[in-house]
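Peer 1: Listed here are the chains, written in short residue letters.
Number of protein chains: 4
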Amino acid sequence: MVKPQIAIIGSGTISENTTAYSIARELGEKLIDEGFRILCGGLGGVMTAVCEGARSSSNYTEGSTIGILPVLDKDLSNPFVDISIATGFSIARNQIIIASSDIVVSISGGSGTLSELAFAWQLNKPIISFQNTGGWSEKLANQKIDDSRIDTINSVNSVREAIILVKEILSEK
Amino acid sequence: MVKPQIAIIGSGTISENTTAYSIARELGEKLIDEGFRILCGGLGGVMTAVCEGARSSSNYTEGSTIGILPVLDKDLSNPFVDISIATGFSIARNQIIIASSDIVVSISGGSGTLSELAFAWQLNKPIISFQNTGGWSEKLANQKIDDSRIDTINSVNSVREAIILVKEILSEK
Amino acid sequence: MVKPQIAIIGSGTISENTTAYSIARELGEKLIDEGFRILCGGLGGVMTAVCEGARSSSNYTEGSTIGILPVLDKDLSNPFVDISIATGFSIARNQIIIASSDIVVSISGGSGTLSELAFAWQLNKPIISFQNTGGWSEKLANQKIDDSRIDTINSVNSVREAIILVKEILSEK
Amino acid sequence: MVKPQIAIIGSGTISENTTAYSIARELGEKLIDEGFRILCGGLGGVMTAVCEGARSSSNYTEGSTIGILPVLDKDLSNPFVDISIATGFSIARNQIIIASSDIVVSISGGSGTLSELAFAWQLNKPIISFQNTGGWSEKLANQKIDDSRIDTINSVNSVREAIILVKEILSEK
Numbered sequence: 005m006v007k008p009q010i011a012i013i014g015s016g017t018i019s020e021n022t023t024a025y026s027i028a029r030e031l032g033e034k035l036i037d038e039g040f041r042i043l044c045g046g047l048g049g050v051m052t053a054v055c056e057g058a059r060s061s062s063n064y065t066e067g068s069t070i071g072i073l074p075v076l077d078k079d080l081s082n083p084f085v086d087i088s089i090a091t092g093f094s095i096a097r098n099q100i101i102i103a104s105s106d107i108v109v110s111i112s113g114g115s116g117t118l119s120e121l122a123f124a125w126q127l128n129k130p131i132i133s134f135q136n137t138g139g140w141s142e143k144l145a146n147q148k149i150d151d152s153r154i155d156t157i158n159s160v161n162s163v164r165e166a167i168i169l170v171k172e173i174l175s176e177k
Numbered sequence: 005m006v007k008p009q010i011a012i013i014g015s016g017t018i019s020e021n022t023t024a025y026s027i028a029r030e031l032g033e034k035l036i037d038e039g040f041r042i043l044c045g046g047l048g049g050v051m052t053a054v055c056e057g058a059r060s061s062s063n064y065t066e067g068s069t070i071g072i073l074p075v076l077d078k079d080l081s082n083p084f085v086d087i088s089i090a091t092g093f094s095i096a097r098n099q100i101i102i103a104s105s106d107i108v109v110s111i112s113g114g115s116g117t118l119s120e121l122a123f124a125w126q127l128n129k130p131i132i133s134f135q136n137t138g139g140w141s142e143k144l145a146n147q148k149i150d151d152s153r154i155d156t157i158n159s160v161n162s163v164r165e166a167i168i169l170v171k172e173i174l175s176e177k
Numbered sequence: 005m006v007k008p009q010i011a012i013i014g015s016g017t018i019s020e021n022t023t024a025y026s027i028a029r030e031l032g033e034k035l036i037d038e039g040f041r042i043l044c045g046g047l048g049g050v051m052t053a054v055c056e057g058a059r060s061s062s063n064y065t066e067g068s069t070i071g072i073l074p075v076l077d078k079d080l081s082n083p084f085v086d087i088s089i090a091t092g093f094s095i096a097r098n099q100i101i102i103a104s105s106d107i108v109v110s111i112s113g114g115s116g117t118l119s120e121l122a123f124a125w126q127l128n129k130p131i132i133s134f135q136n137t138g139g140w141s142e143k144l145a146n147q148k149i150d151d152s153r154i155d156t157i158n159s160v161n162s163v164r165e166a167i168i169l170v171k172e173i174l175s176e177k
Numbered sequence: 005m006v007k008p009q010i011a012i013i014g015s016g017t018i019s020e021n022t023t024a025y026s027i028a029r030e031l032g033e034k035l036i037d038e039g040f041r042i043l044c045g046g047l048g049g050v051m052t053a054v055c056e057g058a059r060s061s062s063n064y065t066e067g068s069t070i071g072i073l074p075v076l077d078k079d080l081s082n083p084f085v086d087i088s089i090a091t092g093f094s095i096a097r098n099q100i101i102i103a104s105s106d107i108v109v110s111i112s113g114g115s116g117t118l119s120e121l122a123f124a125w126q127l128n129k130p131i132i133s134f135q136n137t138g139g140w141s142e143k144l145a146n147q148k149i150d151d152s153r154i155d156t157i158n159s160v161n162s163v164r165e166a167i168i169l170v171k172e173i174l175s176e177k
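Protein chains in written order, with our numbering: chain A, 5 to 177; chain B, 5 to 177; chain C, 5 to 177; chain D, 5 to 177.
Rather than coming from a laboratory, the hints here were simulated on the basis of the structure.
Keep in mind that a hint or two might mislead.
Because identical chains cannot be distinguished in the list, a pair is counted as satisfied if it fits within a single copy or across any two copies.
[Claimed, not checked] Cross-link-like lysine-lysine pairs, in silico, DSBU-like; alpha carbons within 35 Å at most: (1) LYS7 with LYS171; (2) LYS34 with LYS7; (3) LYS148 with LYS7; (4) LYS171 with LYS129; (5) LYS34 with LYS148; (6) LYS129 with LYS177; (7) LYS143 with LYS171; (8) LYS129 with LYS148; (9) LYS177 with LYS7.
Because the structure is a prediction, the values reported are computed rather than measured.
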C-alpha cells in the first residue's frame with residue numbers, strides 16, 4: 005500500500021502574495037487530503053508553498069512531504085519539509101525528483117522548472133501544468149516537448165481540475 | 005518535529021538465515037520503536053532485512069522506510085520500502101544515503117558498504133558498526149579511516165548497544 | 005594555455021542527410037580549425053556529426069573531442085569521440101557537459117537538448133543557437149528562458165556566424 | 005586509436021616533499037612517455053603531482069591530463085590540468101573518475117581514495133596500488149576488497165614496476 009508520489013515543481017522565488025503561491029499551497033493541502041505523498045526540491049517559492057499547504061490538511065501525517073535538495077546539507081530544507089534528502093548533486097538533483105514521481109505537476113517556473121519538465125518528458129512521466137500561473141507551465145500548456153511521445157502536457161486552470169486529473173491518471177496505471 | 009534519519013548500510017547479498025540478516029531485521033524494528041526513520045539503498049540483503057524489521061514494530065507507520073535506488077525505475081525497491089527515491093546515479097547514489105542521514109549504522113558489507121563508510125567518514129557523519137557481522141563493519145570497528153577526524157568508528161555487538169548509542173549521539177547534537 | 009571547451013548540444017537522433025547534421029559536422033571542423041576543444045554527450049546525431057567533423061580539420065589532433073556519456077561503460081561513445089567520460093548518471097550527466105563548457109552551441113534538439121539549454125541558462129553560460137535547424141534551438145532563438153539574466157540566447161544562421169560569435173565571446177572573457 | 009585512460013587516485017593533501025608526491029610526479033611523467041592519458045580528481049596533492057609530472061614528459065601534448073572536479077566551477081582545477089570536467093556532484097564525482105578509466109593506480113590516500121578503491125573494485129577495474137606510500141594504498145596492497153572478484157589489488161613498489169604492470173594489463177585487454 006505504497007502512497008503515490010506526486011512531484012510538484014515550479015518557481016523557487018515567487019513570494020507569498022502571488023496566485024502561483026496560493027495555488028501551490030492549496031494543491032499541497034488537497035494532495036494530502038487524497039492520501040498522496042509530495043515530492044519537491046525542498047527550497048523556496050512553490051516548494052515551500054506546497055509543503056506548507058500539506059500541513060493544513062486534516063489528513064496530514066509526519067512524512068507526507070519530501071524535499072530533495074541540491075546541496076549536501078540536509079538542514080537546508082524549507083521548514084515544512086518532513087523528509088530531507090540531501091544529494092550534493094547541484095541542479096542535477098532534478099533528475100531524482102522526476103524519476104521518483106508517479107506524476108509531475110508544474111506551477112509557473114523559470115529555467116529550473118524547465119529542466120524538470122524536459123526530464124519529465126524524457127522519462128515518460130505524466131505531466132500536468134497550471135496554465136494560469138505564467139512561466140514555463142503556461143508556455144508549455146497543451147504542448148508537446150518533442151515528438152517522442154504521442155501525448156501533450158495536460159493543462160489545468162484550478163486545483164480542483166488538477167486533483168481530478170491526478171486521480172484519473174493514477175487509476176489508469 | 006522532524007524524525008531523525010538513520011542510514012543502515014551493509015551487504016546487499018546476504019541471505020535470510022545469517023546473523024547479519026537477523027541483526028538488521030531486529031535493528032529495523034527497534035529503530036522504528038524509537039520513532040526514527042530508516043534510510044537505505046532500497047535493494048536486497050541488509051536493506052531488505054532492515055525494512056522488513058521496521059514493519060514488525062508496533063510503532064510502524066507507512067513512510068517509516070526510505071529506499072534510495074541506483075536506478076531510474078522507482079518500482080525496483082524491495083517490497084518493504086515505503087518511499088522509493090529513484091536516482092539513476094548508479095553507485096554514486098551512496099552519497100545521498102549518507103548525506104541524508106543523521107547517523108550511519110553498518111552491518112557486514114563488501115565494496116559497496118566500504119564506499120559508504122568512506123563517504124560517511126568524509127562527510128563527518130557519526131558511524132556505528134557491528135563488529136560481530138564480518139565484512140567491512142568488522143574490519144573497521146574501532147578504527148579511524150584517516151586522520152581528518154579525531155574520533156573512531158563506534159562499534160557495537162548487539163542491537164541493544166546500537167540503539168543506546170544512536171540515542172546518545174542524537175541527544176548530543 | 006588551456007583550450008577553450010565548447011559544448012555542442014542537439015538532437016541525438018537526426019540522420020546524416022539532414023541540414024542539422026551537415027551544420028554540426030561543419031561546426032565541428034571549424035571549431036577545431038580555431039584551436040578549440042569539443043564537448044558533447046558522446047552519442048548519436050548531432051553528437052556524432054560534430055565529432056566526425058572535428059576529424060576533418062587540418063588542425064585536428066587526438067584529444068580534440070570529449071564525449072560525456074550517461075552510462076557507466078566508456079566504450080559506448082560514438083566512434084569519433086577521442087576521450088570518453090563515463091558518468092553513470094543517466095540524463096543528469098547533462099549538468100557536466102554544460103558546467104564544463106565555456107560556451108554552449110545548440111543545433112535543433114528535443115527534450116534532452118531543452119534540459120541542457122535550461123541548465124546552460126541557469127549556470128550562466130553564453131548560449132548560441134542555430135535558428136535554422138528546427139527544434140528547441142529554433143524555438144528559443146533570441147529568447148530569454150527566464151528573467152534571471154539580462155541577455156537573450158544568441159542566435160545564428162550559419163557556421164560562419166557561429167564561429168565569429170564564439171571568438172567574440174571568448175575574447176570578452 | 006583512442007589513448008588508454010589511466011586514473012591516478014591518492015591523497016589530496018600531501019605536500020611536495022613527500023615520497024608519495026615524488027612517486028606521483030614520476031608516474032605522471034612515465035605514463036605520458038608511454039602515450040597514455042591521465043585522469044584524476046583535478047585538485048591538490050597526488051592529483052597535482054601527477055599532472056605536474058605529465059608536463060615534464062618529452063611526449064607531453066596539451067590534452068594529456070584530465071581533472072574531474074567535484075564542483076561546478078571548471079576554473080578550480082590545479083594549474084597542470086589540461087581538460088577540466090566540472091561535475092557539481094561533490095565526492096560522488098569519484099564514480100566518473102573510476103568508470104572513465106581503463107586502469108586505476110593508487111598512491112597513499114585517505115577516505116576519498118578509499119571510496120575510489122571501493123568503486124574501482126565494484127566496477128571491476130584493474131587496480132594497482134603503491135604499497136610503499138602509506139594510507140589505503142598500502143593497507144589494501146595484495147588484498148581483496150570482497151569476494152565478488154577472484155583477483156587481488158595488484159601492488160608495486162616503484163614507478164618502473166607500475167608502468168610494466170599497466171602495459172601488461174592493457175595488452176591483455
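Peer 1: May I ask which of the numbered hints given earlier this structure violates, with the numbers listed in increasing order?
Peer 2: When the structure is compared with the hints, none of them turns out to be violated.
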